[in-house]
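Participant: For the protein sequence lines, the chains are G and U, in the order given.
For the first sequence, this note's numbering begins at 1 and goes up steadily by one.
For the second sequence, this note's numbering begins at 1 and goes up steadily by one.
Keep in mind that the hints were calculated from the coordinates and are not lab data.
Just so you know, even glycine gets a beta-carbon here, dropped at the ideal spot from N, CA and C.
Hints should not be assumed to be uniformly reliable.
[What the hints assert, rightly or not] Derived BS3-like pairs (lysine-lysine); straight-line CA-CA distance at most 30 Å:
{"no.": "1", "chain 1": "U", "residue 1": "K233", "chain 2": "G", "residue 2": "K70"}
{"no.": "2", "chain 1": "U", "residue 1": "K232", "chain 2": "G", "residue 2": "K118"}
{"no.": "3", "chain 1": "G", "residue 1": "K73", "chain 2": "G", "residue 2": "K22"}
{"no.": "4", "chain 1": "U", "residue 1": "K324", "chain 2": "U", "residue 2": "K364"}
{"no.": "5", "chain 1": "G", "residue 1": "K120", "chain 2": "G", "residue 2": "K108"}
{"no.": "6", "chain 1": "G", "residue 1": "K73", "chain 2": "U", "residue 2": "K232"}
{"no.": "7", "chain 1": "G", "residue 1": "K120", "chain 2": "U", "residue 2": "K383"}
{"no.": "8", "chain 1": "U", "residue 1": "K324", "chain 2": "G", "residue 2": "K110"}
{"no.": "9", "chain 1": "G", "residue 1": "K120", "chain 2": "U", "residue 2": "K232"}
{"no.": "10", "chain 1": "U", "residue 1": "K224", "chain 2": "G", "residue 2": "K117"}
{"no.": "11", "chain 1": "U", "residue 1": "K233", "chain 2": "G", "residue 2": "K110"}
{"no.": "12", "chain 1": "G", "residue 1": "K73", "chain 2": "U", "residue 2": "K364"}
{"no.": "13", "chain 1": "U", "residue 1": "K364", "chain 2": "G", "residue 2": "K70"}
{"no.": "14", "chain 1": "U", "residue 1": "K60", "chain 2": "G", "residue 2": "K118"}
{"no.": "15", "chain 1": "U", "residue 1": "K134", "chain 2": "U", "residue 2": "K233"}
{"no.": "16", "chain 1": "G", "residue 1": "K70", "chain 2": "U", "residue 2": "K324"}
{"no.": "17", "chain 1": "U", "residue 1": "K60", "chain 2": "U", "residue 2": "K324"}
{"no.": "18", "chain 1": "U", "residue 1": "K134", "chain 2": "G", "residue 2": "K118"}
[Claimed, not checked] Chain U is nowhere near these chain G residues, computed Cβ spacing over 12 Å in every case:
{"no.": "19", "residue": "K22"}
{"no.": "20", "residue": "E71"}
{"no.": "21", "residue": "G119"}
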Amino acid sequence: MKKILVVEDEEGLRLLYDEELKAEGYEVLTARNGREAIQQLEEGKPDLIVLDIVMPVMDGMEALGRIVGKERKIPIILNTSYPGYREDFMSWAADAYVTKSADLTELKEKIRELLEKKGKNR
Amino acid sequence: MMKALAMVLAGGRGERLYPLTRDRAKPAVPFGAIYRIIDFTLSNCIHSEIRRIYALTQYKSTSLHRHIQFGWNILSASLGEFIEAIPAQQRIDEHWYQGTADAFFQNIYTIQQERPDLILILSGDHIYKMDYRKMIDFHVEKEADLTVGAIRMEKRHSREFGVIQVDEGDQVIGFEEKPEEPKTIPGDPEGILASMGVYVFSTEILVRRLIEDARSDSTHDFGKDIIPAMIKKDRVFAFDFRKGDRGGMGYWRDVGTIDAYFGANMDLVSVTPQLNLYDPQWPIFTYQSSDPPAKTVLEEEGRMGTAINSILSNGCIISGGSVKRSVLSPRVVVHSYAEVEDSILLEGVDIGRRAKIRRTIIDKDVQIPPEMRIGYDLDEDAKRFTVTGSGIVVVPKGMRL
Chain G
1 MKKILVVEDE EGLRLLYDEE LKAEGYEVLT ARNGREAIQQ LEEGKPDLIV
51 LDIVMPVMDG MEALGRIVGK ERKIPIILNT SYPGYREDFM SWAADAYVTK
101 SADLTELKEK IRELLEKKGK NR
Chain U
1 MMKALAMVLA GGRGERLYPL TRDRAKPAVP FGAIYRIIDF TLSNCIHSEI
51 RRIYALTQYK STSLHRHIQF GWNILSASLG EFIEAIPAQQ RIDEHWYQGT
101 ADAFFQNIYT IQQERPDLIL ILSGDHIYKM DYRKMIDFHV EKEADLTVGA
151 IRMEKRHSRE FGVIQVDEGD QVIGFEEKPE EPKTIPGDPE GILASMGVYV
201 FSTEILVRRL IEDARSDSTH DFGKDIIPAM IKKDRVFAFD FRKGDRGGMG
251 YWRDVGTIDA YFGANMDLVS VTPQLNLYDP QWPIFTYQSS DPPAKTVLEE
301 EGRMGTAINS ILSNGCIISG GSVKRSVLSP RVVVHSYAEV EDSILLEGVD
351 IGRRAKIRRT IIDKDVQIPP EMRIGYDLDE DAKRFTVTGS GIVVVPKGMR
401 L
């Protein structure tokens, strides 16, 4: 079973992602900020990361750099409602960008796409 | 005017310059009596009106940091100008730089702060005088993503360089590190184009390629990974050094080995050196302490304080000894009846009475005892010092004799 790490500070959204992605047949790990995400990356060995940007403790941009430094090839989806992120060079390290929404259709599609691509490259 | 930022790679270990690099990175190795190797690249930047400069350091960087702090405090922060040494900050990840490309990836936030249009990536390891503005104009005119500074070398030296293959329109179509069978210049079967370690990048492309490289299995090296990848998909051009060569002599040296280092220093004491340090429009800046002018004293039979075909720096005293074809850094003292020939004496070296020194590089703060001979019996010298294949002896910094 593929393991997805969802990094999201808002509890309501975290639960929503958790439920919806489990229903899709994924195992789901969650983290509330960048620092927890890095811990989960090491302990939980996820196959893909869904990353929010604006979070307390450590934001998504800083986490993105560190994640890439540790696990060069793990697919990362930036999931954000904050439009200015493209100004940040590090955002270019993400594999996909999804505008945060209660409708997870686009996010699920991207997850499928990236996991398939990752499978092929192995 | 394009907004340019220079990033100088100043972490070179210079293994083949050992023991001169025992305590310092290659760019901090003294050269030409009063300079450090990196001074040439930094001076090029200043004269090219590029005054926002980062030097990325890593290996044995204390000496370099001190030099930049004391010697290069010449720009105006109020005008947005700076020369700053950045140690490996481990900002993105906890490891040391994994390769030259990784050094830049790890400094992506620094680039972001400055938001330049162009980034000059320069090696701090080489000695040359170049007007980078000419290269930037070329880069803009060609609408290039990357422009690589290139110098013609004889084909037989291909194993020492990164060799660039170009088409007739200067576009780069291949790049090989130290090839045995190099691609030669179109219409010049004996010539190759060597990469000088001088690059102009359009910022966005550089950042994208750095990130792609960081996310792939690669050695994270500019020459091995970034450049070949860019040749395949981007507009990469070669800029002929002769079009930006300030000296006009095609002078560019890697001084990567003790022998090359020795030769390049010795060039400076010839009547007309290939490297002209006397161009009033293009001075090489450096750190200089406030030492008194050099002097030569004593005029007795057999005890003449003389220096011929030599460079003497401030603070030197030639007291009844003789110096020929040598390069003396500040505060070198040569005592009575001593003879120094074809040698490089770095700061604070003291040559005792009746000592004889020949074809020797003596690093800082070494006291040569009276009567000692170095460079006359290489088998004997090799027991204590480094002796190169061509017979140059190197006495390491601070060695007690």
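Participant: Hint by hint, note whether the structure agrees.
Facilitator: To see whether the hints hold, each was checked on the structure:
1. Using a Cα cut-off of 30 Å, the hinted pair U/K233 and G/K70 holds, with the two alpha carbons roughly 27 Å apart.
2. Of the supplied pair hints, the one linking U/K232 and G/K118 holds, its CA atoms being roughly 23 Å apart against a limit of 30 Å.
3. Restraint check for G/K73 and G/K22: the C-alpha separation of about 23 Å stays at or below 30 Å, so the hint holds.
4. Taking the CA atoms of U/K324 and U/K364, the gap is near 19 Å; set against the 30 Å cutoff, the hint holds.
5. At roughly 19 Å between alpha-carbon atoms, G/K120 and G/K108 fall within 30 Å of each other, so this suggested pair holds.
6. This hinted pair checks out: G/K73 and U/K232 have alpha carbons roughly 22 Å apart, not beyond 30 Å.
7. Of the supplied pair hints, the one linking G/K120 and U/K383 is violated, its CA atoms being roughly 60 Å apart against a limit of 30 Å.
8. This hinted pair does not check out: U/K324 and G/K110 have alpha carbons roughly 74 Å apart, beyond 30 Å.
9. Straight-line distance between C-alpha atoms of G/K120 and U/K232 comes to about 23 Å, which keeps the hinted pair within the 30 Å bound.
10. Restraint check for U/K224 and G/K117: satisfied, since their Cα atoms lie roughly 26 Å apart, inside the 30 Å limit.
11. Note on U/K233 and G/K110: the hinted pairing holds, with a Cα-Cα distance of about 26 Å set against a maximum of 30 Å.
12. With a CA separation close to 48 Å, the supplied pair G/K73 and U/K364 exceeds the 30 Å bound.
13. A distance of roughly 42 Å separates the Cα atoms of U/K364 and G/K70; the hinted pair therefore is violated under the 30 Å criterion.
14. Restraint check for U/K60 and G/K118: the C-alpha separation of about 40 Å exceeds 30 Å, so the hint is violated.
15. For the hint linking U/K134 to U/K233, the alpha-carbon distance of about 25 Å falls within 30 Å, and the restraint holds.
16. Distance hint between G/K70 and U/K324 is unfulfilled; the C-alpha atoms sit about 57 Å from each other, more than 30 Å.
17. Taking the CA atoms of U/K60 and U/K324, the gap is about 33 Å. The hint is violated against a cut of 30 Å.
18. Taken as a hint, the U/K134 and G/K118 pair is broken in the structure, with Cα atoms around 45 Å apart against an allowance of 30 Å.
19. The claim that G/K22 is not at the interface with chain U holds, since no C-beta of that chain comes within 12 Å of its own (minimum 28 Å).
20. A Cβ of chain U approaches the Cβ of G/E71 within 12 Å, the least distance being about 10 Å, so the stated non-interface status is violated.
21. Every C-beta of chain U lies more than 12 Å from that of G/G119, the closest at about 17 Å, which supports listing it as non-interface.
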